[in-house]
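**Student:** Put together the whole structure using the sequences plus the hints.
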Amino acid sequence: MALDDTDKKLLLFLQQDSKQTTKELSYKLGLSVTAVYERIRKLENTGVISRYVAILNRHKIDRDFIVLCHVKLTQHKKEYVLQFEKEIMNLDEVSECFHVSGDYDYILKIAVKDMEDYRNFMLSKLTTLQHIASTHSSFMISEVKNTTAIVL
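Reminder that position 61 of the sequence shown reads as 171 in my numbering, one-by-one numbering, no gaps.
I should point out that these hints are in silico values taken from the structure, not numbers from a laboratory. Note that the coordinates shown come from a computational prediction; the quantities given were computed from them, not determined experimentally. Ideal Cβ positions, reconstructed from N, Cα and C, are used throughout, including at glycine.
Keeping only pairs whose Cα atoms sit at most 25 Å apart, straight-line, the calculated SDA-like set for lysine to any residue is:
#1 Lys118 - Thr144
#2 Lys223 - Arg173
#3 Lys129 - Asp114
#4 Lys119 - Thr258
#5 Lys182 - Ile217
#6 Lys129 - Thr144
#7 Lys188 - Ser244
#8 Lys170 - Asp227
#9 Lys235 - Val177
#10 Lys255 - His209
#11 Lys255 - Asp172
#12 Lys223 - Ser248
#13 Lys187 - Leu218
#14 Lys170 - Asp127
Pair ranges (Cβ atoms, derived):
#15 Met225 - Thr131: 41 to 47 Å
#16 Tyr214 - Gly157: 28 to 34 Å
#17 Asp224 - Asp115: 45 to 51 Å
#18 Thr237 - Lys188: 21 to 27 Å
#19 Lys138 - Thr237: 45 to 51 Å
#20 Lys152 - Tyr214: 37 to 43 Å
#21 Ser244 - Asn167: 31 to 37 Å
#22 Thr184 - Asp224: 26 to 32 Å
#23 Thr245 - Lys196: 15 to 21 Å
#24 Gln240 - Tyr137: 54 to 60 Å
#25 Ser247 - Tyr190: 20 to 26 Å
**Tutor:** See below:
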């Protein structure tokens, strides 16, 4: 789907605050409320907008200890990869999982309360998964940039 400049502006506004009303957006874009509504529906129906979410403040919910955990599988068999990916989907502490190239096979972004909570996660959940050869963990010192927005 080709996006025009108005679609791009609309998407930027929605990424900043998706609770804005069509009236507020119409004012910002110089369009009628109906035109904005129709553009949003088109963007939703074509899958450009896949969902709306609430972004939580990790500090307020005691999940501000962020770990990037690199995981290497024992082998790259299709069944091992698919099993690992299926099992990782059930671990609530894992907010993101990337299958990557390089020395490790996956990078996990894990949000827990503190180091003790991470240790418990490693011992009772992650290391119980089959076919993991090794892990390497890095801990966040400070958050320099964190955005969900994609600038078009």
